[in-house]
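Asks: The listed protein sequences derive, respectively, from chains A and B. Going by this note's numbering, the first residue of the first sequence is number 7, and it counts up by one from there. Going by this note's numbering, the first residue of the second sequence is number 5, and it counts up by one from there.
Just to be clear, a hint being listed does not mean it is correct.
Stated by the list, open to error - Below are the DSS-like pairs computed for lysine-lysine, each with C-alpha atoms no more than 30 Å apart in a straight line: (1) A:337 x A:739; (2) A:482 x A:567; (3) B:147 x B:90; (4) B:142 x B:170; (5) A:727 x B:147; (6) A:739 x B:141; (7) A:739 x B:66; (8) A:688 x A:727; (9) A:739 x B:170; (10) B:141 x A:726; (11) A:578 x A:482; (12) A:578 x B:189; (13) B:21 x B:66; (14) B:90 x A:727; (15) B:189 x A:739; (16) A:163 x A:250; (17) A:223 x A:337; (18) A:739 x A:726; (19) A:726 x B:90; (20) A:726 x B:142; (21) B:189 x B:21; (22) A:196 x A:250; (23) A:739 x B:21.
Note that these hints are calculated values from the structure, not bench results.
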Amino acid sequence: MPLDQEHRDPIESLHLLDPDLAATVQRQLERFDPVVSAAVAAFLVDDIFWGLAREMSFGQAIAAGYLQLMTRAEYGVLENYHRLVRAAGARGTTIGRLMAIHLAPVLVAGGRDLLQLFTAAVGVMESKGIYTLTRPLEALSQILNRGERSAAAMFLKLLSVAFGMDLSYNQCQHLAINLSQAMLSFAKTKRVWQLEQLLRVVRTDIHLIESFLVGMKKGLRLLTPAALDRFISAALDKTIQRPKSAASFLSLESRQGRDTFAELQVAVTLHELEAQLNRYLGARTGLQVSVRPLSALADRLSPISATAVTACTDGRFIYLPEEIAFFGQKKANTDLYRCLARFESGHHEFGTFDFDLERLFDRCQALTDCRCALDGLGIPLVSDRPTTMASDLERFLDLFPLPVLAADLFTVFEHGRIRRMLGRRYPGLVRSFLPILQSEAGPSHGLMDDLYAVIALGLPPSSASGPGDVRHHLVKGMLAQFVGRTGAGDCRVESSGELVVLSYREVANTLTEHASDHLTGQAYHPLQTPFDRRLRSDLVHAASQALDQKALALKERLAEKGFRIYRSDLRKHLEAHQGLVCADDLAAVLENASNIADPGKPGTPQPSEELSVQLAQDLPELFDKLPPDDETEAQTVTWHPEWDCNLSDYLTEHTRVRDHAVTGCESQFYSRVLQRHRGLVKRIRTAFELLKPEGLKLYRQWIEGDAFDYRALLDFVLDKKAGITPSERLYIKRLKVNRDVAVLLLVDLSRSTAYPLAGSTARVLDVAKEAIVLFSEALEVVGDIYAIAGFSGNGRLGVDYFHIKDFTEPMNRVVRNRIDAMVPQRNTRMGAAIRHAAAQFAAVTSRVRLLITIGDGFPNDLGYKKRYAVEDTRRAISELRSRHIHVHAITINIDTADDGRLDDLYGEIHHNVIANVVDLPEKLWRIYGMLTR
Amino acid sequence: MAQPGQIDTAENIIREKPYYLPAGGEVELFAAALDARLPVMLKGPTGCGKTRFVEYMAFRFKRPLYTVACHEDLFASDLIGRYLLKNDETVWMDGPLTRAVRIGAICYLDEIVEARKDTTVVIHPLSDDRRLLSIDKKGETLKAHPDFLLVISFNPGYQSVLKDLKQSTRQRFVSIDIDYPSTQKESDIVSHEGRVAPETARQLVALAHKIRRIREQGLTEGASTRLLIYAAQLIRRGVPAREACRAAICRSLTDDRHLQETMNDLIDDLF
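With the rest of the complex left out, here is chain B (with noise of 0.2 Å):
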């Protein structure tokens, strides 16, 4: 049990091995950039397992992972850590990025252009040969546990210019492709994770194939392996197969009423 004002260390090992189906070539490239300490950032679609790899390489390296999901309000101090009141006095409580700074864990910044720019500069003197964390609150700065290992990341497709990362962020990270998995191996991922027949499985990585490719008709995203799974776990659960993908996929995907009539039509036409 922690005590109060520490944060459990034992919660954020993994300790079941998630699956994880590599692609080709980024978890070597993860494992070396970790035995070099040299920050990691994953780029790739949204729902095509950038979190999930994180997990992976956490629990195959035997280290605690922090996640944080970045947003608009997240501030330095949410990432730092900040004093709280216990009875009569004041107490530090560690931030999540701060935690895994000492104990040299593995802190993953999830979809970091979502976060408020000032705050992504805390993690620039973290994030280059310094490997310091400055906490100005109590006048400490930290040099980073030898383990530690900051990863990053965004969605290039989705985020456009607009949310791009400032070089001098981009510019202190070994970049890693993780994009829509192959034909064979989605399959095997949604077979896996929605617990469905592989030929199913298959079906509906047809069906997301298809809907990538009305991407230019005004779809912002196409359908991602996680909506793939949600969908194969629906059918699962009984819910008839085309009723399963419009509920997950379709629906999810778009407003739209000519793309969701072109996504019912090819929903129709494979299930």
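Isolated chain A (complex conformation) (with noise of 0.2 Å):
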């Protein structure tokens, strides 16, 4: 809508001072409606001018909230913006631009008591410095910008308190960082109350603000208001006879913080449950199927919103929520979880997402009930060709009239088969918990509904109202036919899909009849499931779409050839050879092709090897080899796996190895350090001569053994002639005792290792060779091999795996060269170096087999970061454990407060923390000397 004439005045002066500006603002006030009136721009425009006079960012800042105000036009709200604005930049043009910036949101937002809040908090906040408002003033604008006006307030109220308080200029600054960070943190539907007792945290004690904040990062973020409420009460108690007890109650440092918080959590989150679901969901149904959570699928999830407590899956991962605290106990809410997962992977397991289009009315054509409702519905029994746009579930909703119904209906069907088919299998599991999908079952608001809770969940129909009940007679009719579909052992995703095509008929005529006019989709009340669980097909077609398409190439190739094959079998195929054709699993799936086949069609071609050979060229992108790497030195390098913790599967041949011979230059290093540690060296042989075996044990006087013992057959004789009965323990046994140990030293040669110790010039690695030193050292008074090497990655393709000393190696010169040349490198790739370390074993036949990793902190690389580094290196560990070789991880230079990733990483008894370096080489010989003991 035009600018009314008259108004073109002010702006167009403007226009003369700033023309960008200008035009901003006159295209901004044009999209308002109703139009803003002259004297509404003059004022707007006469304070602008005012801004830009003092600073041009001023105006500017003044011009962007006036036109953010427009939307609350009201006289009163300009009149109080103009007032404070002009009050503060009279104050200076900084305090003025922060007061024109974000007093708008709060005038937007509306209320007096808001803005009388906002005025106190700027007012103390100023008091002790303008610096403390930027940050604070920004959180308060995003918020309200997001519309939480409750939070805002309650923030506002939060920052007059806390700014109130005799702070210095540290702690201020301090603390405007830290509250806007917190707030910001805290999640969308708790941030009022949690704010709250913020609120009375800083009431308290201002000190405590940096432990709550610790606490809510470690899990106080998952109680319930009122939990929250008993906790913090808790801890205020504490401040009066004990302020640091408070502290480390409220961080959940100490045990008894960590016991009431357990008491009081009810809130579970999937990442507690992650491992622990996958575990499970990968033994029970031997697939690769992993649970994520429902943020992951981001813009995709519409309808449901990413906090619902609901289940979906895609085909290859189920979504869960982040959190769950629908229940009041935190049991109840994990067995939601489990209970989730398991009902969601039923749809794998059983092949829900195999629904082949073809195969159905290849069905539908052998059973004339369901032809004649395909008749009756107007539905032709050919399918079209398939195409790669939607899946073959949406194809087939689409053919019926109402496909909203129709997918209700699948839903309904398909719920109750996989319910059906997890009863067969897992009796204990739907017996545990069916019943939670049961009670959230809701009162029935019609047919759908009642289908729901008898087909899907397998309640009882309810009882007739009358002998005319039409519904509980259809309810009925429909669970017999169910039942009667779903009973025999092959019982495909189809048999649903002849349900549907048997029962839309009847059920939209009845819902018509209890319809004010013909049955449209939005006459039509969508099903509701509890917990909102409904097959996302869209889901699963975008997750499989390459895959379908490549089945559906296949396909018509093979069609051509003169095999009819099902498009869901080719998908499986190359779903479990990586999208990839293999000639022999082709060859037994064209061999069952031929079954589906028209039986009375001469002539069925068999699968030949030529045939693959033809597809292969036909399609080769579906027959590609991995493409042959450029090697210049073939012979130490080797391909190793890498476990991608976000598909869940390995990468297989992902890292690249290096090996590197090490070349040290002449050094007196090695005895340099031996001659630093005299005392200690000494103490480490007395240990480990100690820990030497003796060699061969003779036992003596036993029943029966390898030789005589004439010591004891001359007491025999004696005996004898003395008339006393000797004794029958003549023998002596022969046993060889020997400790038989291997073990590898890994050590971490990542660019961190370069770092100084404080007040010295010595770099970690430093301290760590001298420990390696001592060790060694330590090892050759024994007599267990060892090897010794050092690990670094430069991305996947670049780890470097350096043999210090092999096990095969005496402990020369050579050797003792080399742990000097050890120098930084790059990166922590872990799992790379661990698995390439257990290659190393191979030859080794010692009966204990040990490796002993050294590092600083967790693995870390490029592309290998945080919780995928982390699960690469725990599976690579795990793999190393099956194979029976120890693996012990010594972590130095790390804060041993650790809130346990590390017991997580390595497992609680195979890992130790040397918080500081220093005291590497005095322990490292000791832990050994533990473990081998």
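Reconstruct the complex from the two isolated chains, following the hints.
Replies: Set out below in structure tokens:
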């Protein structure tokens, strides 16, 4: 709508001063409806002028503020903005500009109380210094723009109280940053009451803020409002007697704090259960199924919200809520996760996603009732050419007059089929977890709800209200039909399709009778299922589109050769072979294909080797092998797999490890270290002498053995002569006692080992090297065979493995020089290094095989970070353990107040933390001694 | 009754037919090896039925069976024999191997790799075409009875490289792979041996299959048929199925808390 002609004047005068700004203002004002009056425009331009005159950015901020306010163009609001911005501007342009920017969202949110809280907080903070305002006000605007008015009010109260205290400059600066970050880190749905608790903490003791925030990160965020309130009350009670204990209580460092928290916690996070659920799913289904948070679906999630308690699957992953606090008890919430994962994985295990329209039509062709039902619906019994634009299920549902009804019916029957299959195979599962879904079924709103309750949830049908109760009879009839179709062993997903075909018409007719007019999309109320579980064929299709396309190409090419084969079978084949065709297995698929070919048609082609060759020529992309790698040092390069936790699968031949023989220069390093640690070396030698076995041990006076014990024989004769009954223990037995231990010391040579130690010029690696020297000394004494190696990473293709000493090498001058030659390299790709180290054990026959890793933190490399890196390393360790290689990790220079992540990585009893690397030389040999005692 | 210093052969005859379901071809292979006097090596995981198979074959061919469970303290004299003092004189006592060689029995050395390496060498001249057993202490060299058969077993999965058989030993044997039986057969075995209903046996076997899938998570061995039979026997004696599986399978297999959790989940699902 054009701006009133009269308004042009003020804007035009603004044009002279700042043409860009004037254009923006004009464009924005023109968008408002009703038209902005001349008086308001003049008022606005006047203030912009005033601001521009003081500082350009100030004027621009005023303009932006006013434009934001135009949505609530009430005179009182504009007047307040004008008054407060002018007052602030008079105190200085910085405060003026902050006010101009952040006052607008406050006024847009509305309410006298909010404005009062805002002005009060700004006043208090300004008195400490304008520097305290920026971060908190930015955070405030952020949540106000998201419509969180109550949280904003609580935040303002918090700011007023916190900055109203006696604080130093540093404290103010800390507070401004911490409070803003913390407020934004709280979950949207919990922000108000979590801020309220933070406010309580601040009121009692401002120094507890930090502890509270640490506690929140560790888990307090999972508490319900009442539970958090109780926890904070318990913490604040402590402040009276022992403020320090209150801090450790709040930060969940004290045992009492952790116990209280565990008692109060009812919410469960997916993160806590993820590993367990994935292990379970892999074991039960034998498929590559794993769980992911719903938020990973992001934009594809609609119409479900990421915070809803629901579950869905895309055929590869099962998506579950990030957190569940649905029930009042932690166990019930844990069980809900387990329940959702169990039922969703039923779709994977029992082939819901193998739905094939062609197969369904083939089956319908053979069944008179289905054929008639399709005729009645006017659906031709020929499937058109499968497309890659929609999944087979979507194409099937679209054949019906009201696809949404067909989809709901399919959900009813498919959930029912999965329930029955699970019940048959896992009776305990259904007994334990079906009641959770049953109890969540709401009151029935009609036929579809009745059907879902009876068929999908296995609830008993409600009793008939009278002989003419059509709904009751219909439900019972369909239940009988369902039981009949899903009773047999071969109960594929297509059975649900048949049931939809058979029941659609009757259900639609019954619903139409109850609806006011003809049943349309608008009149039909979609089915409500417990926890909103439904089949998301869109997600499944999106996830498998690439494979579908390949399967279709292959299907058509095979059809040309005379093979009629279902696309879903080909897709499964491709899925099992990472998207490629395996010629041997394809032959098996083709053998089965002859089963579906028209039996009356003679001359079914036989799969042959030439066929594979032809197919490979026609569809090279499906037969491609991995490209050959350009390896210059082929003999020293090894490829290892890597565990991708996102896929829950191995990436085969993913990391390239290069073996390096270290060449050291002549140095006195080794002897210097021994010299420097003379006392320690002596102690180590004594300690390890004690560990040394005594060689062959003789066991005397045995009843049977390898040879006579002549001393006992003498006694025997003497006893006999003396008339005493001689002892029968006349033998000796020889048993060889040996330690038979092989150990490989694997040292992280990442860049961080180059850091100097505090108050010294020595680097972390230098101390580690000293430890290696002392360790070698100890092993030489005890006689265990050992190897030493270093590793580093530079992306998956650049993992380096440095041989310092191999198992078969004696400790000599060359090896000693190599130890000295170890230098910091790049990153830590730990999984690959561990797998490579495991390969070194292949030639070792020792009974006990031990890998000790020395690192200075968590694994980290290019494309190998955080969870991915940790999961791969953990996996590599599991692989070694299952091959009877013990793995023990030593982590140096890491904060000991670790949150258990190292326990998680290496296993509780399988690692040591040495907070200060200086202790390593003293501790390494002790740890080894303990391990092999 | 056997005389002192003699082993009672009659005791080593298996009189009752052991329950064994052939998996496919192993019976015929064994019979052929027996006929050709070729020593046999049975390879397979723990508790899959190797020992039972040998017992079955011994019964079938009516041969006495001498079984020796090998361990790291097993000396050559434990197999061959030794002098014992009886009254005022020393008496030679045949070991199980010597006895089997003399009378033409089957000698079964179970988990051969557990025995000391120098001990395994004594079987070398016995397991090639010479078929000789040298008894150093008596200065005697025994020619094996025509019916004598040497059978050894080992578990390649569990032993890995450090307990691998030496090539010189390996290459003297005909190898028969004995793996876990097929689902149907394993169910029948569990049902028969544990005396439980076929349905319960099927559930136990389904559990074992699922547990075998978590091997790569750190489990060194999958659940053996033997453990399934144990569980079945507990169930038959009134122990609730879930508890029986936890006691006989889950806790026996691992001490790892996470793996136990997963196994418990599977047990709860199935029972």
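Asks: All the hints need checking, so say for each whether the structure fits it.
Replies: Hint check:
1. A:337 x A:739: Given that 30 Å is the threshold and the Cα spacing comes to 58 Å, the pair is violated.
2. A:482 x A:567: violated, 48 Å
3. B:147 x B:90: holds, 28 Å
4. B:142 x B:170: Within the cut-off at roughly 28 Å; holds.
5. A:727 x B:147: violated, 42 Å
6. A:739 x B:141: holds, 16 Å
7. A:739 x B:66: Violated, because 36 Å separates the two Cα atoms, which is more than 30 Å.
8. A:688 x A:727: Status violated; Cα separation ~55 Å.
9. A:739 x B:170: Holds: residue 739 (chain A) and residue 170 (chain B) sit about 26 Å apart, inside 30 Å.
10. B:141 x A:726: holds, 27 Å
11. A:578 x A:482: Since the Cα atoms of residue 578 (chain A) and residue 482 (chain A) sit roughly 36 Å apart, the hinted pair is violated (cutoff 30 Å).
12. A:578 x B:189: It holds: about 28 Å lies between the C-alpha atoms, which stays within 30 Å.
13. B:21 x B:66: holds, 10 Å
14. B:90 x A:727: holds, 17 Å
15. B:189 x A:739: Violated, at about 46 Å.
16. A:163 x A:250: Distance ~26 Å between residue 163 (chain A) and residue 250 (chain A) Cα, so the pair holds.
17. A:223 x A:337: holds, 22 Å
18. A:739 x A:726: holds, 24 Å
19. A:726 x B:90: Since the Cα atoms of residue 726 (chain A) and residue 90 (chain B) sit roughly 14 Å apart, the hinted pair holds (cutoff 30 Å).
20. A:726 x B:142: Distance ~27 Å between residue 726 (chain A) and residue 142 (chain B) Cα, so the pair holds.
21. B:189 x B:21: Distance of about 18 Å is within 30 Å: holds.
22. A:196 x A:250: holds, 28 Å
23. A:739 x B:21: It is violated: about 39 Å lies between the C-alpha atoms, which goes past 30 Å.
Going down the numbered hints, you'll see the structure goes against 1, 2, 5, 7, 8, 11, 15, 23, while the others check out.
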